[in-house]
Every structure is written in C-alpha cells, then in structure tokens.
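Novice: These are the residues of each chain, in order.
There are 2 protein chains.
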Amino acid sequence: AFLIIWLSQLCYNWEKHILTFSFILLYVNSFVARSKTCGELRSAHIGQEVTLCGWIQYKRHEQFVVLRDFQGLTQILIPQVEVSAIENCFCSFLMQTGDIEVKAETAEVLNYCKKLPFEIKDFTKKTEALRMQYRYLDIRSIQMQYNLRLRSQVVMRMREYLCNCYDFVDVETPTLFKKTPGGAKEFVVPSREAGKFYSLPQSPQQFKQLLMVGGLDRYFQVARCYRDEGSKPDRQPEFTQIDIEMSFVDQDGILALIEGMLQYSWPKEKGLIKIPFPSITYDEALSTYGTDKPDTRFGMKIIDVSHILRNVDVAFLQNSLSEPHGTVKAICIPQGAKLQFKDLESLNELSKSQFNQCSALGKLRLKSAELLEAKGLLLRDPSAFHFLWVVEFPLFLPKEKNPEELEAAHHPFTAPHPLDEHLLYSDPSQVRGQHYDLVLNGNEIGGGSIRIHNAKQQRFILEKVLKEDTELLFHLLEALESGAPPHGGIALGLDRLICLLVGGSSIRDVIAFPKSFRGRDLMSNAPDYVDPQELEPYHVQVTWPLTEAKARTN
Amino acid sequence: AFLIIWLSQLCYNWEKHILTFSFILLYVNSFVARSKTCGELRSAHIGQEVTLCGWIQYKRHEQFVVLRDFQGLTQILIPQVEVSAIENCFCSFLMQTGDIEVKAETAEVLNYCKKLPFEIKDFTKKTEALRMQYRYLDIRSIQMQYNLRLRSQVVMRMREYLCNCYDFVDVETPTLFKKTPGGAKEFVVPSREAGKFYSLPQSPQQFKQLLMVGGLDRYFQVARCYRDEGSKPDRQPEFTQIDIEMSFVDQDGILALIEGMLQYSWPKEKGLIKIPFPSITYDEALSTYGTDKPDTRFGMKIIDVSHILRNVDVAFLQNSLSEPHGTVKAICIPQGAKLQFKDLESLNELSKSQFNQCSALGKLRLKSAELLEAKGLLLRDPSAFHFLWVVEFPLFLPKEKNPEELEAAHHPFTAPHPLDEHLLYSDPSQVRGQHYDLVLNGNEIGGGSIRIHNAKQQRFILEKVLKEDTELLFHLLEALESGAPPHGGIALGLDRLICLLVGGSSIRDVIAFPKSFRGRDLMSNAPDYVDPQELEPYHVQVTWPLTEAKARTN
Chain A
1 AFLIIWLSQL CYNWEKHILT FSFILLYVNS FVARSKTCGE LRSAHIGQEV
51 TLCGWIQYKR HEQFVVLRDF QGLTQILIPQ VEVSAIENCF CSFLMQTGDI
101 EVKAETAEVL NYCKKLPFEI KDFTKKTEAL RMQYRYLDIR SIQMQYNLRL
151 RSQVVMRMRE YLCNCYDFVD VETPTLFKKT PGGAKEFVVP SREAGKFYSL
201 PQSPQQFKQL LMVGGLDRYF QVARCYRDEG SKPDRQPEFT QIDIEMSFVD
251 QDGILALIEG MLQYSWPKEK GLIKIPFPSI TYDEALSTYG TDKPDTRFGM
301 KIIDVSHILR NVDVAFLQNS LSEPHGTVKA ICIPQGAKLQ FKDLESLNEL
351 SKSQFNQCSA LGKLRLKSAE LLEAKGLLLR DPSAFHFLWV VEFPLFLPKE
401 KNPEELEAAH HPFTAPHPLD EHLLYSDPSQ VRGQHYDLVL NGNEIGGGSI
451 RIHNAKQQRF ILEKVLKEDT ELLFHLLEAL ESGAPPHGGI ALGLDRLICL
501 LVGGSSIRDV IAFPKSFRGR DLMSNAPDYV DPQELEPYHV QVTWPLTEAK
551 ARTN
Chain B
1 AFLIIWLSQL CYNWEKHILT FSFILLYVNS FVARSKTCGE LRSAHIGQEV
51 TLCGWIQYKR HEQFVVLRDF QGLTQILIPQ VEVSAIENCF CSFLMQTGDI
101 EVKAETAEVL NYCKKLPFEI KDFTKKTEAL RMQYRYLDIR SIQMQYNLRL
151 RSQVVMRMRE YLCNCYDFVD VETPTLFKKT PGGAKEFVVP SREAGKFYSL
201 PQSPQQFKQL LMVGGLDRYF QVARCYRDEG SKPDRQPEFT QIDIEMSFVD
251 QDGILALIEG MLQYSWPKEK GLIKIPFPSI TYDEALSTYG TDKPDTRFGM
301 KIIDVSHILR NVDVAFLQNS LSEPHGTVKA ICIPQGAKLQ FKDLESLNEL
351 SKSQFNQCSA LGKLRLKSAE LLEAKGLLLR DPSAFHFLWV VEFPLFLPKE
401 KNPEELEAAH HPFTAPHPLD EHLLYSDPSQ VRGQHYDLVL NGNEIGGGSI
451 RIHNAKQQRF ILEKVLKEDT ELLFHLLEAL ESGAPPHGGI ALGLDRLICL
501 LVGGSSIRDV IAFPKSFRGR DLMSNAPDYV DPQELEPYHV QVTWPLTEAK
551 ARTN
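In order, the protein sequences belong to chains A and B.
Everything in the first sequence is counted per full-length UniProt numbering, starting at 1 for the first residue and increasing by one.
Everything in the second sequence is counted per full-length UniProt numbering, starting at 1 for the first residue and increasing by one.
Think of the hints as simulated: they come from the structure by calculation, not from any bench.
Mixed in with the good hints there might be a few duds.
Identical chains share a label here; the pair holds if one copy fits it or two copies do between them.
Claimed, not checked - Lysine-lysine pairs mimicking DSS-like chemistry, simulated, CA-CA at most 25 angstroms apart:
| no. | residue 1 | residue 2 |
| --- | --- | --- |
| 1 | 401 | 293 |
| 2 | 196 | 185 |
| 3 | 342 | 270 |
| 4 | 268 | 367 |
Please construct the entire structure, taking both the sequences and the accompanying hints into account.
Specialist: Below, the structure is given as structure tokens:
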C-alpha cells in the first residue's frame, strides 16, 4: 500500500457533519486511488493495508502529518518522507479516527500549494468579496461542503419522491425562448438574425402548461431560471426552482403533493416536519400578521381593538376611528417591559416611515421581535421550521402607477376561484384566484396555482381585464383550444429553501458559484468586454454612455 | 363515482410500451381527480366504482366512447350523455383493458377541442415543420411520450447510480459566465454594464475542475450547455450533457464508472449491455476503420495489402506505393457481388470526392454497408448497442489554417500521456493525451480526460505550445497552484445517447421543445424582434445589414 498526500494549509473539522453521509460510505472509494477515506479508519481496521489520498492538514513534530479529505482526518506516521516544507502546527482536536494511526510505507506528494489568500478555518474572518474571488478555496470550508452536499441530497430525495414514487416525468425545457408579455427583467440573447433576440425565461411556465396540453400528465423539472433585477440584495441573475405541473388536479392535490415531498426529502438531522401544513387566507394573513408571508414561529398577532377604544376619549384614537375604514390595532408584546426607551423610539421611527401602509403593523411585529431577541429572549427558534400555506389571494391588483387599471397579482394564467367566476365580468377586482403561496418562517419559498384551461376565459382575462397584447401568447391560446386538460402546479425556490434549511445568511451560501449583488462573478471577472468583431455575427454594437465613450477615445 | 372526459381527436396506442412503466403504477393516481388510469382496469376490478380522466379517443355508435390517457384506453358506456358532438369512428384494436367496460354514472366534459392541424396517428404523415409548430400536439404521439418518459427514467437511474450508490454530489454551475479562450460559438448576453457581456458556456469544464480544487471529490451535473453553430443539421443551440468529474482518479477509474452507470441505467426492454466495453487506440481506429468513431456492429475492416501488391506490375498501384508513406488498402465486402454497377459507380464518386483524405476509407466502408443494406442485407442491427472506447488520442493537432502551429485536439486542460510527458518540450506533436471518447454504433456519445493538475505544466501548454492568452484563464491557473488534486472526468451527450437508445432519426425526437436547424422555435417564433427601448439598459443597438436597413426605412 502507498500513501498519497499533498500540501495545503487548510483546516477542516468534518466530525460534526459526518453522520449525514455515512449511509453511503460503502462505495465512496470506488474507481479512485484510495482504499479508505480519511474519516473511515477505526481500531477494527488495525493491521490492514490502506491507501489514503488527501491534503495535509497539520504537521506535528517531524514525523506526523494529519491527512484530510472530505470525510475526515487521519494521523499518519511518516518515518522517511521529507516533511520540512510543511509548516509545523500544533493543535488539540478530536478525531473520529483518533484510535488509529497509519504507518506510511510509501508517500507521494502529488501537488504543491502556494500561500493561500486566507486560511480555511472556521474562525477566520474574511470579506465576502474575498470568499467570492477565491470561491474554489471557500468551497473547502466545512460549511460550504455541508451546504452543497445537503443541497444535492435533498434534491435527489425530491426526485425520488416525484419520479420513482409518483411517476412524474422530468422534462427539460428551453432557456433560449421568446419574450414573455410584460416580461421586463428578462435577459436578451442576440441571435444571428439581425434584430432578433432570444429571451432567457424567468420560469418554464408556458412550457409546463404546454406539456399538460401534450398529455404528459405529471411534469417536474429542477429548472434554471433567469431574472435581471439589476442590483438587488440576495437575488441572483440565475436561480433554480423545483417546477411542477399536473393534469386533472385541484388545489388540495398540489398542496398534498408538496407537503409529502418536503416531508420525504427533509434531512433527518433537521427533525421531522408535520403535515399537513396549516393554511391561512390572504385576508386573514394581512389582518393577523400584517403581511402575506407571516412568520408563525411566534405569536404577537395583530388584534383589532377598535371596539374597546370606540368610547375612550383620546383625540388621536377618535380621529383614526372616524376615518372611513378607520381602525385601531394592537400587538401584545410578551415581556414588552424589557424594551427600553431607545427601543420604543426605533419602533416609533419605523411606524412613521411606514405611515398609511398596510404592511406597517407587520413590520412593527417583526421589529419588536428583533428588539426582544436582542435582549436575549428567544422568540424565533432558528432550528424550528414553520410552514404555512397562504391561499385565496386576489386574482388582480390595481397597478401601482395607475390604480384605475388592473394587473395580474401573480401571472395571467391563474384560474379564478370557482365561487368568484361570475365577478370576472362585473367586478374583476373582487375575484379571488386559485393561487397558493408556501411560506417558511416568514419567507415565501414557493407559489403556484390552478391554471386557466379554457381558452375563452384566458383570452377574456388577457384582452379585457389586463389589456395585454395576446400576440406574444398566440401559441398558448391555440394550445388551450386543443383539448387542454384542467391543470395546475407550483414552483419552489430551491436556493431559498436550502438556505433556510442550513441557516445560511444569504442564498449565496448554498450556490457553488454565485454572482455578487451587482451580478458579477468576482472569480472570473464576468461579465467582461468582448471584441467588437465577436459581436458582428449577432448584428449588435455597444452604445457607449457619453462619459465612457469619451474616456475610451482619449 | 363520476367520469371526467373531454373531447379531442387524438389516436393512441400505449399497449406496446406500457410494461416499461408498470412498476410505478401504484401511485400514479395520487393527488388527482382519477382513481384509475385508462390502462389499468382488468376483470378483477369488476364491480368497483372508479373515476377516469382522459381524452375521447373514439366514439362507437351513440353509446360508447373510448377514453384515453397516457397509460391506455378504456371503453365507457354512456347511456345518457350527449355524445353527438363527437365524430363517429370505427376501429378494431386490441386494448389491454378489453375485458372490462366502465358504465358511466356521471360524465363531465371538461374542455373542447377545435379541429387539429393534424391527426395524432402513427400513420399520419406530417412535415417536421408542422410537428414543431404544434409541438404540444406532437408530444401526444406514442413515440414522443415514450421518448420523453424513457429519457426521464434513464436520467433518474443515472442519478441513483451516481448520487445514491457512489456518493457523487450534484452541483449546479452557472450558465452566465465569461468567454472561454478560443471559445468561438459562444452566445453572448449583454449585461447592464456598458460593453460587458456574459457568455453562455459550452460546458461546465472550468467549474468542475474548480470544484475538484475545492475538495468536492466527486461531482456530477445534468448540465445545460450552449453552442451557437449557426445552421448545422442535428445540432441544437442548447443541449444537455451528463457532466462528471472525480479527484484522485485515473483513466481506468472513469471508464469503469461510466460502464457501470450505463449498465445500471440501461432500460430493461433494450437488453443487457456487457461491460467492460472494448477499447481501441486512436491510431488503430483510424487504420482499421478509417475513423475515430468506428461503428463496430459490422466488420469490413480496412486491411493494408501493400505487401501483397508491392511486386504486382500495375502502374497506379506502384505509383501509390512509391510515394512517401504510400500504401494500398482494401475492404473485403461480404456478398459484395450483390453490388451493381451503379453502386460501384457511387463508391467511385465518393472516393474521388474524398481524395487524399485519411477518412476516405472510413466513408467508403460506411457507404458500402449502406448499399448492401439497401439490397436487404442486415449489416448494422438497429437493436444492437456496440459501445467502444477510443483512447490515446494525440494531445495536439496541426491547425487547419496554419499547420505549422498546434491546437488542442480536445481542450487545453487534457493531461499528456505519462509516457510522453518528456516530448512536450521537444516534439509536442507526438504527445498522446489522456483523453478517451465513448463511441456507440459509430456515434461519439461522450468524451473526457484526465486533466492537468500541475499549474506549471498547464501554463507551459497554454503559453508555449498553444500560444494562448492566459489572462482569460487566470483564475484556473491560480486554482491549480492552490493544492489542486489529480482529477479527471467525462461528459456524455445525453440527447444523442437517448436518441440512439430509442432509435430516433434526430436528437429533436428526444427533446421536448427543440429548435429548428436554423435555431428557431417554430411554435413561439423565437428569436424575435424586440423593442429598441428594451435594449437600452443593456447598452446595445442593432446594426442592420444594409439591405434590411433600407427595407425598414422605406
């Protein structure tokens, strides 16, 4: 047996996560040079010849090295090898392989490592920009390894549930597509036909509906989606959604499917999740929590106290109550006495900035929770997972810029609530949609709807209610006329879900190579300038902003 | 129980494929309105109440309809429902549900179907353009349903093999990236920074190597890739590859992994495949088959007969043999006597057109096979799957335009053959690479290599041998210097593999929504013109070709 090692200065501590992966350890050494991983050896192996491959984690005195791979650490006794190049490093730590020591017969240095820009140690402080620039080093950290491996396993379990248990068909749909109506925020891709562009779609929405028309019955895809939101915190220009669509299904069917899928794929070490999830209507969510994505890990519900205060002789209360729809609402803050004057001041400031916004009370509720937690009270258990369905959204909302006109609350393909269909023609603003959002700990992690399968209804909504040009959707309308089945679906934001699962501070923590909030890849420096010649086949040229154009000619 | 039906004129015959999916039938009715599929009922079910959902396939007399879904057909007796809208249709066919008949208690028409542009029947001839325009109808065909479902199942099995059996990590890598050096054929995506573009990468090559540097050990991804090849037959601007990379692995390890994966995921109804696959060197492939992707389902090998003919007094033979490296080679055509004069003429024509090309004999071999098959001889069994590894490719090839200079035969990250490393510095054109191609029935379906993990060697090859600007690869070179492990991998072309598996005539037959050979989506009419305003945030404008610019101003 021989020992393969090489040099690096990274620090690992796999112990706390190792159990997660142990069920598949059996075959992890197939096809490669090692016979065991560095986390595998125990006293039962004493006497065996083994081959290990990994990075040198520590050197102790002149004879010992601690070898590290993605599974753990093993101490090696190397009587003859030159280890002088390796920095001495003392540390006291627990290794699961602590009972054994490998005596090297042969050791081979396979590669060298220059001085790294940062040490890969849990306690090393480094800016996110530096982590992004050297992402291939950042990925060596315990946390990133754990995040990426957990993500892979959760998605695999979802696939088993959908594909193997429930006969869903995994269909890949195009990402070079056509502009969606109203689809601002879509990246364009110039084609070789002058003036013609593909769009990178924000979701496979149209394709999945067309697949239902095509009789595919049960579709899913782990779909790459694109959205150009400029610089928004914690958004990515490309992101991933678990995209699902079924025929002959109603809202309850989709909800049960997703509950089952999340329960099936939930990592054991994160505890069991109870199904079915509770559900709340949009109206109730707004009145009780002041938001359509309530964090139900804690109470502090909003209570209407108008009836109590109606006869109290306080001017500002009476003023409020005398307004049309005027109410006075309250949040009862448990242990609120812990809040100090400056805390109350900051709550005051927040209220003023949110004046006349419906979401003001929701924000006050969250802010109060934050302030109490800063005092050491645990209101929102970070290890608890509170799922919540929000249902009965309005189908249309007044346009922000022109409240006389309506726009789709989610997208124009959502079917109206069966009880409200007649209102479509008389008072569309009152129609509820068969839309549902899935909320986890106050974060929207998915949404979907039962779709319109009737071409006439779809055309009415597009043309008469939304005043959209239907030409861009010609193919979809024609498809609905071709015997489209009733169908519905959902999409879960995978990045957000995994981020909540691992307790990450940003979705960038669960994406191998994320972009910065300005949409840049700091490692490779993308996007980058290209030679004007390379743009020629695409019939586009750059229109330089005036200042830059000047700078470039000087 | 009630029966849900609606109207369409499509024709289905699922019987021949139904066995493939029966192992997962148990749960296919969960979450939806039906209690059974239309392919499920047998005499054992007599007396049960059931709910079926589907399309009306046939109407018989005024009482019977045959309901169809993705699983099969069931005859329904409808005493009271209005079926006059449905065209009468006589047919004699076998149904697996032939022993039973469902007596409808309730029937509901859920949607109507207009006259379709073509009937979905096996024998309906339709142009591919029409199929593409109405792809959502084309997908209803037996063959397309089979192809898409088989594809989903094969990929799922591959995932099980990689993820569950061998602990690979499924990592999603970005598709908005930076231009690859020498990466012509890459689509560009304008960003909001003037003059800066993303590229849609042709493969996750750089990312997967960086993941190995990051200690991820075993990576795979079913990766969407992009290549702008203009109008090439049977290519797609976006396609899918099974992308794999491992650390501490050698060529034999990768080959064994892939053989195991294909055996594990191969559909039962396509027969067993034997592993290990045979392998052949590049040189041997060229000399024996005249191509680096030999179809080994038939013999007719190329034989060097120079030694026999050296003393034969025929002028054109002697002329050939007297040239430097001059040889005379032969193919023995079994039953060649069946070839007629015009066949021999066409072979003659082909030889002339291929004069002086090394691949001439390979093409003659294939053409001869074609001609013999046209006579009714079965040389290439379409149900046979002959895998072949081609190994020991040259690492570099002379550039077509300037044969004095060298270019990478595959890509610049391929490691040299260990026995040839010394030649890198003296005679690089003689260096073999650790590259391997996987060939199936004469089609290249995958390729990979052991990569260079030594930064110095990588820099030498890029700068000194290939004369490439290394600036674009700065991050990769820096990563190799940071303790990169020895690593290697492979990518399989999924579309091509599934196409061969189902015996499709084009990869378009195994892609749900493919582009035409000009890169157009004929259904939605993508790519399409966009409003110049929409290009403004991206700082690009269209440069109209002169003729078109004129036409647009007139």
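Novice: Each hint needs a verdict: does it hold in this structure or not?
Specialist: Now for the hints, and whether the structure bears them out:
no.	hint	in the structure
1	401 with 293	within (24 angstroms within a copy, 62 angstroms between copies)
2	196 with 185	both (17 angstroms within a copy, 17 angstroms between copies)
3	342 with 270	neither (37 angstroms within a copy, 74 angstroms between copies)
4	268 with 367	neither (32 angstroms within a copy, 59 angstroms between copies)
Hint compliance for this structure: hints 3 and 4 are not met, and every other hint is.
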